[in-house]
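Asker: Here is what each chain is made of, one letter per residue.
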Amino acid sequence: MELRHVRGAPAGIEQHELKNLPSSETPAKITVIDYSPDRAETQEVKDIQAFITQHRPEWSQAQGIRWINVDGLTDMKVIHALAEKYELHPLAVEDLMHVPQRPKVEPYPETGQAHGRLFIIARMLRLVDDPEGFAGKQLLGEQVSIFLGHKTVLTFQERPDGDVFDPVRARINTAGSRVRVNDASFLLYSLLDAIVDEYFPILEHYSDLLEELEDQVLEDPQPSVIERIHTLKRELLLVRRASWPMREMVSGITREVHPCLSETTRTYLRDVYDHAVQIIDMVETYREFASGLTETYMSALSNRMNQIMKVLTIIGTIFIPLTFLAGVYGMNFKYLPELDWHWAYYAFWGICFVTAGTMIWWFKRRGWI
Amino acid sequence: MELRHVRGAPAGIEQHELKNLPSSETPAKITVIDYSPDRAETQEVKDIQAFITQHRPEWSQAQGIRWINVDGLTDMKVIHALAEKYELHPLAVEDLMHVPQRPKVEPYPETGQAHGRLFIIARMLRLVDDPEGFAGKQLLGEQVSIFLGHKTVLTFQERPDGDVFDPVRARINTAGSRVRVNDASFLLYSLLDAIVDEYFPILEHYSDLLEELEDQVLEDPQPSVIERIHTLKRELLLVRRASWPMREMVSGITREVHPCLSETTRTYLRDVYDHAVQIIDMVETYREFASGLTETYMSALSNRMNQIMKVLTIIGTIFIPLTFLAGVYGMNFKYLPELDWHWAYYAFWGICFVTAGTMIWWFKRRGWI
Amino acid sequence: MELRHVRGAPAGIEQHELKNLPSSETPAKITVIDYSPDRAETQEVKDIQAFITQHRPEWSQAQGIRWINVDGLTDMKVIHALAEKYELHPLAVEDLMHVPQRPKVEPYPETGQAHGRLFIIARMLRLVDDPEGFAGKQLLGEQVSIFLGHKTVLTFQERPDGDVFDPVRARINTAGSRVRVNDASFLLYSLLDAIVDEYFPILEHYSDLLEELEDQVLEDPQPSVIERIHTLKRELLLVRRASWPMREMVSGITREVHPCLSETTRTYLRDVYDHAVQIIDMVETYREFASGLTETYMSALSNRMNQIMKVLTIIGTIFIPLTFLAGVYGMNFKYLPELDWHWAYYAFWGICFVTAGTMIWWFKRRGWI
Amino acid sequence: MELRHVRGAPAGIEQHELKNLPSSETPAKITVIDYSPDRAETQEVKDIQAFITQHRPEWSQAQGIRWINVDGLTDMKVIHALAEKYELHPLAVEDLMHVPQRPKVEPYPETGQAHGRLFIIARMLRLVDDPEGFAGKQLLGEQVSIFLGHKTVLTFQERPDGDVFDPVRARINTAGSRVRVNDASFLLYSLLDAIVDEYFPILEHYSDLLEELEDQVLEDPQPSVIERIHTLKRELLLVRRASWPMREMVSGITREVHPCLSETTRTYLRDVYDHAVQIIDMVETYREFASGLTETYMSALSNRMNQIMKVLTIIGTIFIPLTFLAGVYGMNFKYLPELDWHWAYYAFWGICFVTAGTMIWWFKRRGWI
Amino acid sequence: MELRHVRGAPAGIEQHELKNLPSSETPAKITVIDYSPDRAETQEVKDIQAFITQHRPEWSQAQGIRWINVDGLTDMKVIHALAEKYELHPLAVEDLMHVPQRPKVEPYPETGQAHGRLFIIARMLRLVDDPEGFAGKQLLGEQVSIFLGHKTVLTFQERPDGDVFDPVRARINTAGSRVRVNDASFLLYSLLDAIVDEYFPILEHYSDLLEELEDQVLEDPQPSVIERIHTLKRELLLVRRASWPMREMVSGITREVHPCLSETTRTYLRDVYDHAVQIIDMVETYREFASGLTETYMSALSNRMNQIMKVLTIIGTIFIPLTFLAGVYGMNFKYLPELDWHWAYYAFWGICFVTAGTMIWWFKRRGWI
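Keeping their order, the protein sequence lines are chains E, S, G, B and W.
In this note's numbering, each residue's number is its place in the first sequence (first place is 1) plus 5.
In this note's numbering, each residue's number is its place in the second sequence (first place is 1) plus 5.
In this note's numbering, each residue's number is its place in the third sequence (first place is 1) plus 5.
In this note's numbering, each residue's number is its place in the fourth sequence (first place is 1) plus 5.
In this note's numbering, each residue's number is its place in the fifth sequence (first place is 1) plus 5.
It is possible that some hints are incorrect.
Unchecked claim - Derived DSBU-like pairs (lysine-lysine); straight-line CA-CA distance at most 30 Å: (1) K369(G) / K315(S); (2) K82(B) / K142(B); (3) K315(S) / K315(G); (4) K90(G) / K156(G); (5) K156(S) / K82(S); (6) K34(W) / K339(B); (7) K34(B) / K142(B); (8) K315(G) / K90(B); (9) K369(B) / K369(G); (10) K339(S) / K339(W); (11) K315(E) / K369(S); (12) K339(W) / K339(E); (13) K90(E) / K142(E); (14) K369(B) / K315(W).
In short, the hints are calculated from the structure, not lab data.
Make a model of the complete structure from these sequences and hints.
Answerer: Below, the structure is given as structure tokens:
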């Protein structure tokens, strides 16, 4: 348990810090979704060279929107091919590859040879089941880099092992859904909304843990509680570090004046912004609550120490004088008159009980027992 | 007691976090109040379909204001019917249903087919009697969503079990009251004022509790005090989390330039804003005060520990050397000259009293007794 | 002492929170001062109805300034009469009656039927002697509401038991004083200056107390010290809660563009603003200092505990082994060779002294004695 | 030592708070320096009346700059004479006499009868040797009030016992130095630069003390350390309280558009501003460092307590059971078989050593020894 | 180890504070790199007088960029020669020589006789191996002063013992690299990027240490841990003090409108800015984490104390009453009936075991064992 916790630790802090450049080039998984108000089609791209030379299907050319999702950042061929085809700015490409970056939004203006695009970095958090992890879960962070064009959205994810976009995909495949009838920037909104909404169940999980820890602190404060509070605070620190720049980023998009961003999307993004603010509120509240728990735990510990001290004091106070008395009558003085008294032994016990009784009464009065 | 506290806990944190979508569709309670400077009428709507096809009463058409209040958010038919009739923006409708949202104000501009409306989310706090709750009360939070139109105000409450709007209703039914002679936005002001004013008795309740806890800490610091401080801090955390965005929201309305908002209302809203700021001041002061109490409690605890240690030390210091001396004269050495002395036993007691007296005098001088 | 402190407590927190609406209507005391550069006259108004129908004295009509001061907020007749005569805004009248409000400034623009006035709420703090209070003093807070017109200043105080305006009155009665030769807004400045300047002796009182408490903490940390620090922190919390909005209020006036405010007054108000900032600086410094004192007290307590523990340890370490040895030679084994040795008893004492000496030397070396 | 510290204390806090109006009027010391690019002359003024009626020396009339420095604020005649001659604003004169004021800058615009001047209040800190003071030094704060005119600079210091302007005087007396060839505002810059630069050696002094205290905390944490940290924190609090408004004041000057301020001076003042920011950085870092030291000290104290407890526990654990055993064989039961065994005594010692050995081994394993 | 730590300390705090003016003038090392898109040449300058009179090589005159790097600030001749040749502002020259300055950017506008230049102070941090240092490393801070002209970049470093610019030099020497084809301000970007990027491995080093310390705190909290946390916090304080002004400085450059700064560079500098923000985020997170560790350590310490207390209590509780009983039967009363009972001795042992058993059971139930 100790060890797991320790092994789990780097995953927590490190994953956000280290530039993990994997050793072997695993192939990236590319999924392309074309949709227009009438139609939606999903294809998986195997051959990147063939793909970038193809044109869009005819039905998609006028109104259609293309979403290209790339899972995995190690296949340089794929990234370079897409960067070239979609004229992505070299700095943006560097940022998407050197994870982790801080969530941000950057406009790249239309130039002679490059399309104007909005480049967005978001941080996707997920809680996955992990028997080794803290409270049976592990917090995973992943960078999602998004390029928004007029009719194209490119997203790049770090790892191929799942994301939070399934509801978006479902809505794209539903005829008449809002995402189908709106423009590309609405897809951007949908993706950001899906990312931000995933923070809520994570926080609810931590809220449940906090409740549980509070029960333990108030009822039976074990040393292991403080370790769990410690770990919880640390995970909240990570969520907080992700959520503050997310808020700034969303707020940055709403302030951005960019041809790719429609007014409708801007209205909807206010909602994402509100959610990001709410998440920060929750994180800060939980963090303060966890700090309060630590304080309460420490005072519970002091209380317990006090209680133990009381027992010690009571025993000492009662028996030490009596033991002294027994020692006195164990002395071998030749002339020790009490030894010869007939009722001395019974008188001794009498003194003992009276002394002990008086002391116990005195302790009760002082509120020590 | 322990258990109640624990069971009560989720009600505190969770209620603000969880999206509680009730399982069964209980019918919503709809109350409609029409009023003009001359007249006021209240009706309860049973059949929503009939209602939305009716026109307003004739006397109300020119000058009259209609306030529709919906209690309960589970009857989708009602909400959709009203949303359609009053052309509410889908995002706003989503926000009103997915409680809890952060208090906020959002203008929806007049478009071709939708009226321009101001959408406001407020958080209503109430303290209700609850023998199971903390200090016999339970803090309830409820979201109130308000749509302000030119002559119509719609309010949606989460639960049908009471609200803080009775003073507003009374004033509407009073001929010549300010709310009767003003426009719809003045009703909005009255509602927000009622919500914000309800925070004051809540804070006074906590102020009383703080006074009480302070007495306990200074006079008789029991371990249960720290639990109560802990719970109080937590409830203050919840009030604070509600009041900060309330302030922002009210300030947002006063800055908003919207055709539905009259200049008079803006002047009156400054008052609501002042109250919101005052509430935040109070919450922060109470929180600092509660933190100070925890510190004072911890030092009271240390003092008590010190006192117990003193008793232990005094007993040890007095009796341990004497017990050693008694042990010495209990030894069975053949050649132990003192044993044969005639006054040895009395000398022994003399030494005991002198030693003990000296020590007690020394402790007194050091200020330990 | 304990009890007094506790009874005194509500006076501290509560007075700022509770809307104290007194049960019986005690008559308000109204004092009117008319002055012009040449002349000043003070009258006490007994009959409010007669007063409001009178005109000003002739000499005062062109250049004269009238200051009406009302002590006590319970006589509704008086307040309503003045509100009607001077056309005070209903919201302002509400604010002045429902104490306590947060210090603030609100302009009421000139309308068809009402004069443009500046409405100001200030918080007056006074330390009055009170043998029951903390350190023989009690901190009283009182709301002063001020209406500034072109040639009239109205002030409303909560209680009739004294204020801080005597220096202002003296200056008005001094021919050639600055307040006499300037306009009505300069009187406003003088009043605010008097209120803010009264904060300084209060802070000096707390500064003296802090010095005294610091001496106690460093020289003889008694448990009562922490209670006094606790109370001091609390009073500082109250001063701080009054001074922050005072600063905002003064800064608000200097930014206000209002026909009643002259340029000269604005220049002088910068001085009041500087004083308010200085007060906040002092409060924050004292609060940090008090926090530091608590920490230092706690470590002094730990030191004392350590010292007591040392005594216990030394006694235990010296006597417990020796008592064991005495016990050994008190055993009744038939074959216990040392008992028959001739110098055994003297050897026993020798061992005792050598052991005790060695231990004391060892403790000295470790720095425990 | 205790007492000195206590007596020293008011000097620390009080000197910044109290308006010290000295009882007797000691004559102020007035020094006048005239300089132009070619020439510099210093004179001490004995007769203020004679001085204010004189004209400047001829060589100084066109290009010359006059710096009048007044040491001591108790000679009202001097101050009033200068205020009249140089048309200083009455509010500024009040501020310069009622020390301490918060550092600030205030422009007084040119009016019909008064020259436009810039009025600046700065806080000069000096560390002077004082065997009674903390670490052999005492921190002195003094207000310097500066009036900047076109060709005249007036400075007023609180006390005549030295200042930090000697380097400026030296540079004025050096032909070709920058201050000689620039205008009056450059002299202002030089004075502020001298004041701010004096903060650095003070902070270095505290930095040295912090290093020293850190050594003591880590190597031999004595109770006196905490008192010294406490005093150091307090002095840093004072430096901080001086340096924050100094930064604001300097920044205020650079933003001020005033005819007396040249562009060159503005460029140079950026440097003073940078230094003020650096000083605040240092103070904050030292304060955090001192807080860290307190924490480390407290944990060192706890460690020491733990160690003492360990010794107590070991002694108790080893000897108490053995003493019990010795007590058992000291009982006087008639039928106590072991007493008659031949090797019982040796067996007893054997048991003692084995028990003690086992316990010591067990403690070692748990890491308690 | 203690001592090293202490000796290492000044290097930490002091190096950032003290103006270290070395006693002897060691010659500065000057490296000049000329490059244009086609060509790059590096030369080391031995004779500064010869150098400043030379012209650039012909191929470099039109398009070429010259980077002059000076290592060591003690050779006044070199600095003055360069300052004269490149018309550096005297204030800037002072700032570059009086290390340490706070990182900043200052534009010096083009004047009649001086070129407009941008003057930048940056703080370079490096971790170098040092067996004496904390965790085998020492944190070195060095000021880098940069002058940006149209075609020239001058950099001044404090010490000649290495820098972080090797990657920049490598890229300059690579034909076709971005730095080769861009202007002088791009070289500035490259240098700042190299400086800021070096912060990341430093923070990763501290992150590793934090992980390690966390393991120690949770598994085996030794007193030395708190010293290491203390040192770590201190080093983070230094990194933080460097990184906040670095962020401001970079942000200042991006806001600066200066002819030497190209639009491309501005785009790239956003990246440096993002990294600086990320570094601050990391430092703050680590600092909070370290604070959490201290708290957790303190509670681990309390736990351990509690455990020791428990052992003491158990021993006391079990043996003290039994010892008393043994003392009773060691008394020498003539009439003590139990002494003559046949099974008394065995009954005594029975009582002992029953009492001890009961107590152990009771402790187990209370959760003390």
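Asker: Evaluate each hint against the coordinates.
Answerer: Status of each hint after checking the structure:
no. : hint              : result
1   : K369(G) / K315(S) : 22 Å, holds
2   : K82(B) / K142(B)  : 35 Å, violated
3   : K315(S) / K315(G) : 12 Å, holds
4   : K90(G) / K156(G)  : 14 Å, holds
5   : K156(S) / K82(S)  : 24 Å, holds
6   : K34(W) / K339(B)  : 99 Å, violated
7   : K34(B) / K142(B)  : 26 Å, holds
8   : K315(G) / K90(B)  : 72 Å, violated
9   : K369(B) / K369(G) : 24 Å, holds
10  : K339(S) / K339(W) : 21 Å, holds
11  : K315(E) / K369(S) : 22 Å, holds
12  : K339(W) / K339(E) : 13 Å, holds
13  : K90(E) / K142(E)  : 40 Å, violated
14  : K369(B) / K315(W) : 18 Å, holds
Hints 2, 6, 8 and 13 from the earlier list are contradicted by this structure; the remaining hints agree with it.
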